[in-house]
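K.L.:
In this note's numbering, the protein residues as written are 2 to 618.
Some hints could be false.
Each pair of labels, with its calculated beta carbon distance range [stated by the list, open to error]:
#	residue 1	residue 2	range
1	379	501	24 to 32 Å
2	379	535	49 to 57 Å
3	43	152	27 to 35 Å
4	447	501	23 to 31 Å
5	394	288	25 to 33 Å
6	578	508	17 to 25 Å
7	409	574	40 to 48 Å
8	121	394	26 to 34 Å
9	574	262	24 to 32 Å
10	312	409	57 to 65 Å
Simulated from the structure, these hints should not be mistaken for lab results. Remember, predicted model here, so these are calculated numbers, not experimental data. All residues carry an ideal CB built from backbone N, CA and C; glycine is no exception.
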Amino acid sequence: MPSFTSALILPTPNSAPNAVLNTASTLLLGELLVALAKVSEADVQKALGIQRDLAMSNPTRIGALLLRLGAVSEEVCLGALSMQTGMPLLASSAIESEKNTVEPPEAAAVEAALAVCSLPAGYFSTVNAVPWLMADNQSTVYLMAADVMDASLAEQAAEAFSGYAVQLVLARAQDIEHFGGILTHLTAHLAAQKRGGASNANSSSALYLREMAEEAPIIELVNNVLAQAVDEGASDVHIEPAERNFEVRYRIDGVLQTRMQRPRDRFEAVASRVKLIAGLDIAERRLPQDGRVTTRVSGMALDIRVSTLPGVHGESIVMRLLPKERGDLSLDSLGLEPDHLQSLRSLLQQPNGLVLVTGPTGSGKSTTLYSALAQANDRRLKIVTVEDPVEYRMSGVTQIQTHAEIGYTFARALRSILRHDPDVIMIGEIRDRETAEIAIQSALTGHLVLATLHTNDAPSAFTRMLEMGIEPFLLATSVRAVMAQRLVRKILPAKSAEMAEDALNTGVSEAFTELKNRFPASFSQPSKVRAPNAGMADAVAYKGRMGIYELLTVTPAVQDAILHQASAVEIARIARSDVHANSTPYRTLREDGLIKAWHGKTGIDEVLRVAGEAGEA
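Kindly generate the complete structure, drawing on both the sequences and the hints.
P.N.:
Below is the structure:
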């Protein structure tokens, strides 16, 4: 990988303070990164200590060590290096373009450089470098390499391309590897083909897989995949093999985006590296596995949940990134409309009862529950949680991790909790009848219980609990409210434009008219409906996410429907028509999303993508 003094495309060095820019060339790389506030002084000193220890046996540049420590991402390091040396960066589709960049080469450009080179084509593969000659600039040969600071490489290149100017280019390790594959193909490197065959022959060996996983280029590639994911705000990393290559995709704001494609023969090493750090069996490729690792990436402490799933082309790997610390865990940050926010705060002040939060995986349920606990945590209450896993650490709260493999289940943990005099209990997920029964009994015996459940909407929570075997009268008397939720992306004002009301399609316009009659307070301001600018991709027009919610308060009319085991559709109809003094009028996820779209917080198409064309009810 770019030894770090190599490849990294940094987010806008041009936005750095002028004082830093003016002195960048006089600073050492570690000093420059500290000056840019991209890394701490302690991390630099730690890397320098390791560098001194390796000086005799394995000299390593400071940038590579900072990357391996998880203190900085490759993009950040490369950007600083570009500022320091003035070398251009290889433009990448995953990074916003910089002023000092060079476009990536086509295969023909690499072939053109080989044609004017006096050295054997195989030389560049041995030094992990790629030359190219652009059709519109026949006087300059560009050269990216794993270590562009190697003086001997520059000398060799100058001799090999006599009569041409040689411009060294900073590039990410993944780019060097990608274009190195093109170079290998062009030169028909037989030795590389033989090595590939040997790798296939040995791929079944656990020892061989471990050796591949511990190679420096593989370590740095996996570290950089994680670092880039953190820098881009991804929640999940997907590594998916195909017949001829494998793909790395990031889930950003709930949408998967492809970030990298690599030759299939590198997949086993990358998969083995991920499994190794997650404590999984690297030789087992026939069965699904789950593991986890706590690490530091780009200066952020993370819990990473790793899951592997065997497929026809190899194991699909998903890594869920869970920051150990959350900046803002308040109800105000969730995106609740004022009426929902007021109702939820009122529910959290109740001395007992069960409040359910429902939705699919990844809909923000845990964040809502943590924010609710932060609201309730006034240090006068005993708060206990039972989770699998404990996603975020909270001060003043007793958090319990279940371990099903040793029989420490949700139900068993809850029985123990009740002997610890809790005031508020949070249950990570109600998965079975036993857990549901204990949650309800706890709510009936003077505890406020917050729990999650997997259903598509709020009314379905009651039918789900009834299907588990819960008695209707217990359900009707214990549940205070159910809140369903989804996450929609926030639209960027700078990348979108307001829409005139007469430009809305008929269905949306009619929905707004109905909502204005039912929720006049939410439509007291003029329309600010926005849509992405013409021709602009969604990934550019949206950034960040907020919740859309469906709050169903259990009123006497809803209680009666539960006692009669009414369907979810019937409960929704009753909740919609029941205007109770102490409850918020019921609206669907789609309707709540449209209210947010009216205020310009998200787009109509985004609401319909997440909540559907028609309301759940």
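K.L.:
With reference to the structure, classify each hint as holding or not holding.
P.N.:
Hints, verified against the model:
Judged by the Cβ atoms, the range 24 to 32 Å given for residue 379 and residue 501 is violated: they are separated by roughly 47 Å. Taken as a hint, the range 49 to 57 Å holds for the pair residue 379 and residue 535, whose Cβ atoms sit roughly 50 Å apart. Range check, residue 43 to residue 152: Cβ separation about 31 Å, and the 27 to 35 Å hint holds. Hint check: residue 447 to residue 501, Cβ distance near 55 Å, so the stated range 23 to 31 Å is violated.
Remark: the range hint 25 to 33 Å for residue 394 to residue 288 is upheld by a beta-carbon distance near 32 Å. Against the hinted window of 17 to 25 Å, the Cβ-Cβ separation of residue 578 and residue 508 comes to about 22 Å, which satisfies the hint. At roughly 42 Å, the beta carbons of residue 409 and residue 574 sit within the given window of 40 to 48 Å. About 57 Å separates the C-beta atoms of residue 121 and residue 394, a value inconsistent with the hinted range of 26 to 34 Å.
Between residue 574 and residue 262 the C-beta distance comes to about 50 Å, which lies outside the given range of 24 to 32 Å. Hint check: residue 312 to residue 409, Cβ distance near 32 Å, so the stated range 57 to 65 Å is violated.
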